[in-house]
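Undergrad: Given the coordinates of chain A, work out where chain B should sit on it, guided by the hints.
Residue numbers (the numbering used here), protein chains in the order written: chain A, 850 to 1140; chain B, 33 to 522.
Take these hints with a grain of salt, some might be off.
Unchecked claim - Covered by chain B, according to a simulated footprint, are these stretches of chain A (three or more residues, beta-carbon under 8 angstroms):
#1 886 to 899
#2 932 to 943
#3 1075 to 1084
#4 1087 to 1100
#5 1115 to 1123
Everything labelled a hint here was simulated from the structure, so no lab data went into it.
Backbone N, C-alpha and C fix where the C-beta goes; we use that ideal spot for every residue, glycine too.
The chain contents come next:
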Amino acid sequence: MVEAVQEADFEIVRREDFSDVTYLLEVLHPQLARAAKPGQFVIVMSHEHGERVPLTIADFDAKRGTVTLVIQAVGKSTREMQRNCKAGTRLYGLVGPMGEPSHIGKAKKVVCVGGGLGVAPIYPQARAYKQSGAYVIGIVGFRSKNLMFWEDKFRAVCDEFIVCTDDGSTGLKGLVTEGIRQALAKHADVDELVAIGPPIMMKGCAEATRARGIRTVVSLNPVMVDGTGMCGGCRVKIGDGVKFACVDGPDFDGHQVDFDDLMARLARYRPEEKKALERWQEACRLEARKA
Amino acid sequence: MAERPALERAKNFTEVACGYRLEDAQREAERCLMCPDQPCVAGCPVGIDIPNFIARIGAKDYRGAYDVITDTNLLPAICGRVCPQENQCEGVCTVGESLAPVAIGRLERWVGDTAIAEGWASSPYIEPAPYRVGIVGSGPAGMACAADMAKAGCDVTVYEAFHQPGGVLRYGIPDFRLPNDVIDAEIRNLEKLGVKFECNTLVGRLFTIEQMVGEMGYDAVFIGTGAGYPTMLGVPGDSLNGVLSANELLTRCNLMRAKEFPSYDTPLPLGERVAVIGAGNTAMDAMRVCLRLGAKKVYCIYRRSRTECPARAEEVHHAEEEGVEFHWLTNPVAVLDDGKGGVRGMRCIRMELGEPDDSGRRRPVPVAGSEFDFDTDLVVFAIGTNANPIMGQTSGLKLNKRGYIETDASLATSLAGVYAGGDIVTGAATVIEAMGAGRKAAASMKSYLGIRDTELPYVTETRGGAGKLFGIDLRERNFARIRVAAPTQP
Chain A
850 MVEAVQEADF EIVRREDFSD VTYLLEVLHP QLARAAKPGQ FVIVMSHEHG ERVPLTIADF
910 DAKRGTVTLV IQAVGKSTRE MQRNCKAGTR LYGLVGPMGE PSHIGKAKKV VCVGGGLGVA
970 PIYPQARAYK QSGAYVIGIV GFRSKNLMFW EDKFRAVCDE FIVCTDDGST GLKGLVTEGI
1030 RQALAKHADV DELVAIGPPI MMKGCAEATR ARGIRTVVSL NPVMVDGTGM CGGCRVKIGD
1090 GVKFACVDGP DFDGHQVDFD DLMARLARYR PEEKKALERW QEACRLEARK A
Chain B
33 MAERPALERA KNFTEVACGY RLEDAQREAE RCLMCPDQPC VAGCPVGIDI PNFIARIGAK
93 DYRGAYDVIT DTNLLPAICG RVCPQENQCE GVCTVGESLA PVAIGRLERW VGDTAIAEGW
153 ASSPYIEPAP YRVGIVGSGP AGMACAADMA KAGCDVTVYE AFHQPGGVLR YGIPDFRLPN
213 DVIDAEIRNL EKLGVKFECN TLVGRLFTIE QMVGEMGYDA VFIGTGAGYP TMLGVPGDSL
273 NGVLSANELL TRCNLMRAKE FPSYDTPLPL GERVAVIGAG NTAMDAMRVC LRLGAKKVYC
333 IYRRSRTECP ARAEEVHHAE EEGVEFHWLT NPVAVLDDGK GGVRGMRCIR MELGEPDDSG
393 RRRPVPVAGS EFDFDTDLVV FAIGTNANPI MGQTSGLKLN KRGYIETDAS LATSLAGVYA
453 GGDIVTGAAT VIEAMGAGRK AAASMKSYLG IRDTELPYVT ETRGGAGKLF GIDLRERNFA
513 RIRVAAPTQP
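Extracted from the complex, chain A is given alone in its bound form (with noise of 0.2 angstroms):
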């Protein structure tokens, strides 16, 4: 029996919004949903003049055909997608999934850290070393209590799980490395840390395991454009080398990983960035006003 070819049309069947910044599609792809594995990632375009975005695969179901993405509206692209990717419109551009997919490998102890919005990317790690029979440790921090979401989801996969909050709203007070103290504090068997979240975190969570040795696990989120391993442009620093993180990560060891070469290039489109926001949210103003 010759299985047909997909024809992915890139409906979004479902939005939730967590807060005024963050917000969830489930796009229709069943092929994508059936090939996705932990830690991949997607790059989507919301229209035809849209810029290419990467956007980690936050949980796929090969059951519904979809694959879920958590995206922060933070520029232009995002805020236009909050704006605009409502259930039943279309996405113009997704291809995936891309990137190596994470080794999830023996290890009996790890400890998944998700922050900001790697929260959402670590989930399908968590259950996926929980699959494997791992004793799974979830860590995830939030700026406070209102901002929290997928709590149930984590419940069900990690056998410990610590929330961490800015303001102390709920759970432990402060970043998710405090998190990383304790539970590295009562367990001395971690085989494992995965982290993934802003640059500037999974240094920190890098460090906190460094002297004891455990290998640490980070997804790195440099600027991209094709994603194939076309450009160049996701180049990071891994030890003495150049990798390029779409295609030879996104996961790098993050004991090797050189954080501050990946922060400051991310910053290289500041000006552009800042440009680009302040001319949509005139033409929104504009907008407002005519209507």
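TA: Quick look at chain B alone, frame taken from chain A:
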């Protein structure tokens, strides 16, 4: 052929070479001697019947000229623009021995453009064949293979990772050399032949090559994924903000239309001065794109001299006219930091030509003590590329030591039914060579599938039944593929 004046054309992306008018084409066609040797045909990597199409122009049978060309090359409007004819057909032209060679490339381009304007399409009657063929990559190799397999009656699907098809023709070659509407027109011609294009599909990750020939039911597959992975500069400061590969610059500008930022969202900040390292066609494209994006000064830094420069002669000539400042025999030593993580300038060293290396070219050696600094805002490097790693990462295909896909003389890979050609096999080369590889692989695929190739002369059967089995010609293979039913997905 008329060209737009250098200073005016360096401000926008409209095509530089204006193309022939009818009178120019007729006049140029008359210059062909119709010599008996026909060295031009052998000089063409795909063997176009050049004297024949030129004769048709002379006989005012322009549609006939198009049919002759498209018998061999389905993309004349593209090849006429980007082939290095001086190294191919025109380089061996008999007329060129004493006068300027016949401008074969310009004639081909004129025929291709006329076909687009008139809406001609090569739609011969095609006998359907019961085979499904998958093509990975919609660049020149994939397009050429798709054309041949579609003409042989197969059901062809071309997969492309980007959101628009064309491969390097789209993202690499700028509009002023190869306008996007020419690419769109040629793709429409392929679609008229029945070829299907599926974009936003990253083969290897969305599904693997093994899945294609297995559960997805493809009878043969061609891989033309290219060699885009750029070689890094490898000098101190090469990861500063403001250092980027020519591939990234061209992709932002051509595919993502950063030249129209902010009405298109992808940015490409340039500064006033750009230094481009390298002197191949990619480097020339990068330099001329930067001029058009508003750079006041564009420098070309190349470690060898102008005579060794690998770019197409017309491109170097155009770049010189448009005001690129060439620094031959110069090599980068370091990129200098402006204190804020960006580029302030570069340190380079002068070179001189020493003894020949293995390639026969004289090897450049640094001149001791000749380092110098200069100011620049952007550094673009175009010093070579490597194989795209995704096929190697996601399939069992055998690769060679440098990471390219290993093939035999018929372009077959280590997986039965899977063929490969173009840059992913040979390393970075030209559009026409990729197309030649696509056609060669198609001939092998037709033979593998048992499709009788009407272009090949078959030897008449000998007495005694040699070459036959049970009365059936051995070349007429009856081919049956047994597919094991895949277990259903959980």
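Undergrad: Report the numbers of all earlier hints that the structure fails to satisfy, in ascending order.
TA: The structure breaks none of the hints.
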